[in-house]
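Could you put the whole structure together from the sequences, leaning on the hints where they help?
Protein chains: 2
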Amino acid sequence: MRDDDGTLIDTDKAVWIQGRSCWLLATLYNTVEPRQEWLEGARLGYEFLRDKCFDANGKMYFHVDQTGNPIRIRRYFFSETFAVIAFAAYAKASGDQQAAEKAREIFGTCLEYATGERQMVPKFEDTRPSEGIGIPMIMINTAQQLRDTIGDERCDGAILGWIKEIEEKFVKDDIRCVMEQVAPDGSIIDHIDGRTLNPGHAIEGAWFILHEAMYRNNDAKLINLGCRMLDYMWERGWDEKYGGILYFRDVYNKPVQEYWQDMKFWWPQNETIIATLLAFLVTKDEKYAKMHEKIHEYAYTHFHDKENGEWFGYLHRDGRVSQSAKGNLFKGPFHLPRQEWYCWSILKNEIGE
Amino acid sequence: MRDDDGTLIDTDKAVWIQGRSCWLLATLYNTVEPRQEWLEGARLGYEFLRDKCFDANGKMYFHVDQTGNPIRIRRYFFSETFAVIAFAAYAKASGDQQAAEKAREIFGTCLEYATGERQMVPKFEDTRPSEGIGIPMIMINTAQQLRDTIGDERCDGAILGWIKEIEEKFVKDDIRCVMEQVAPDGSIIDHIDGRTLNPGHAIEGAWFILHEAMYRNNDAKLINLGCRMLDYMWERGWDEKYGGILYFRDVYNKPVQEYWQDMKFWWPQNETIIATLLAFLVTKDEKYAKMHEKIHEYAYTHFHDKENGEWFGYLHRDGRVSQSAKGNLFKGPFHLPRQEWYCWSILKNEIGE
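Protein chains in written order, with this note's numbering: chain A, 1 to 353; chain B, 1 to 353.
Since the hints were made in silico from the structure, they are not lab data. There may be inaccurate statements among the hints.
Treat identical chains as interchangeable: a pair holds within one or across any two.
Below are the DSBU-like pairs computed for lysine-lysine, each with C-alpha atoms no more than 35 angstroms apart in a straight line [as the list claims (entries may be wrong)]:
(1) 52 x 169
(2) 348 x 284
(3) 241 x 59
(4) 287 x 172
(5) 169 x 221
(6) 123 x 294
(7) 306 x 348
(8) 306 x 164
(9) 287 x 59
(10) 241 x 294
(11) 59 x 123
(12) 306 x 241
(13) 348 x 294
(14) 348 x 287
(15) 294 x 59
(16) 169 x 123
(17) 52 x 241
Quick look at the structure:
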């Protein structure tokens, strides 16, 4: 965890970021060029994750110290999903069969969590059950990455199932909105948490679906769904006053309880840069090219640190830097390099390099 | 939970706020004048808490729906501490012996949690044990309120014990700072969470100690301790650029991870208004009168809603309103009315009305 100029802030390690870094390095090795330093970095990440980041029951930690002693475990299984993509990409890069087996095994665990077959410790009582879009979204992307690297026959069907779940439960055409949470029957929960939208997150979901559309020979239904999601949440999230994607909105424009609701975080901008580019490529609709230009211009003007490189993570609504850390428990080498790598990849294919 | 103009945002109920509202109404009845509507309101709060806010094991919920169905339980025992002061103040107002017994019983539970005799579900693994100032602080105030209303012989000794703990573990004279978290031996944990300071919270702790100093005939050691805490955290928390008390700071001025670190919340201002007034009254040092004027002027200029009354809860660093809710899961009728009531009480005693 490092400050803007690279100064060390904390020697602790975030397990999400171990997985994401390992995935990134292995993916660059697999897709850009086979640099040994990338493979070596991915190997170190793989081994640290494998040896230090699982508890005795096989559940992954969220936060460990420098040498891997556990600090915190959380109820969710996002550490596991990032381990799947890390292990799968590393297995492809290295040919390590143990890594491939582990990727498939942890993917199986994630499937069990996602279907409810394996229970997470519940955060809420049973009075008002809800489901989040986060689980089908992360599962789509995890399965896509697994499929692209070492392959797994469970992926294709599961991806379509989660996309169906998102379309049927979370996408509300009548009010032009993608909900972050809904009741199990897909209805809107008219309480503060249930009304809270996360436009950058829904837009990330939109491009996972557009990616699937491309994979399936530009499937028209999936293109339509992804573009609707992007359209709706651009309308909800784009800040007409200062530019950029706002963090949270209320579906009925009531006050949002989360304190950072009107801040600009780095990652919603990255996800919107990808989604608008993909939407343009699959539709050739100039509207998306304009949206892409707008978000790209905003993001690179405001987030890029011209002095020390990389991006700041946290801006106030008006674009002033709120705090200077380049890396912490939540910000690591993922959304920004993934955006640059992914956009490079799809443009390269497009141009037919 | 209501918007700035009183519009209902959510029918759910925060258990903390049920306790705090009940305490406030009963306290006004006990100390300002015996208005029946206040007693009646306190009774409704007492009965709702007693009948709806405990689970089958006697642990209190954090969040329930309008009729009291449970939404969320949290690991901490703050709901319990607010129930103690609510039940004790209501018992005094109404003469209800059951309420008095329940207040003492729940206080016993809180003592067990505070000493570790009763275990909370741990948030962190055992690698890096830490203690927060929040527990001794809330226990001091809970015991003070219990003592002032229905009395309890456990209070006097316990209060002095917690003050000793704060002085020995959390107050760092060498760096002029009050830590929010420390290792069990009182040392600073040099990681992001361990370095994070909450100046408004420490200043609230300062006035709990100054209150105890007054109660003990202006005990010089306690006055000195409370004033040191106030001095240190005013230096850390007062925003020289825009005024007001900032939410979080890092002890070594590194970036703070919590996103709202430079916002101005209502309650740190309330606590600082009380602390500076008390410090002036017990020391007659003009420095505290000036600090009191500064914070009072800042707070009433920026937080007070001139159109609809009451205070906004959440301002950006520069004083602009971030969101308009007057009440939500965390903001209720507590810090502001407690400040006005407490300052009125001590000034009334001072003037000898």
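Now the hints, each set against the structure:
{"no.": "1", "hint": "52 x 169", "verdict": "between (37 angstroms within a copy, 32 angstroms between copies)"}
{"no.": "2", "hint": "348 x 284", "verdict": "within (16 angstroms within a copy, 74 angstroms between copies)"}
{"no.": "3", "hint": "241 x 59", "verdict": "neither (44 angstroms within a copy, 47 angstroms between copies)"}
{"no.": "4", "hint": "287 x 172", "verdict": "within (22 angstroms within a copy, 58 angstroms between copies)"}
{"no.": "5", "hint": "169 x 221", "verdict": "within (16 angstroms within a copy, 62 angstroms between copies)"}
{"no.": "6", "hint": "123 x 294", "verdict": "neither (38 angstroms within a copy, 42 angstroms between copies)"}
{"no.": "7", "hint": "306 x 348", "verdict": "within (27 angstroms within a copy, 58 angstroms between copies)"}
{"no.": "8", "hint": "306 x 164", "verdict": "neither (43 angstroms within a copy, 49 angstroms between copies)"}
{"no.": "9", "hint": "287 x 59", "verdict": "neither (45 angstroms within a copy, 55 angstroms between copies)"}
{"no.": "10", "hint": "241 x 294", "verdict": "both (13 angstroms within a copy, 33 angstroms between copies)"}
{"no.": "11", "hint": "59 x 123", "verdict": "both (17 angstroms within a copy, 15 angstroms between copies)"}
{"no.": "12", "hint": "306 x 241", "verdict": "both (24 angstroms within a copy, 25 angstroms between copies)"}
{"no.": "13", "hint": "348 x 294", "verdict": "within (22 angstroms within a copy, 60 angstroms between copies)"}
{"no.": "14", "hint": "348 x 287", "verdict": "within (22 angstroms within a copy, 67 angstroms between copies)"}
{"no.": "15", "hint": "294 x 59", "verdict": "neither (42 angstroms within a copy, 51 angstroms between copies)"}
{"no.": "16", "hint": "169 x 123", "verdict": "both (21 angstroms within a copy, 32 angstroms between copies)"}
{"no.": "17", "hint": "52 x 241", "verdict": "neither (46 angstroms within a copy, 45 angstroms between copies)"}
Of the numbered hints stated above, those contradicted by the structure are hints 3, 6, 8, 9, 15, 17, listed in ascending order.
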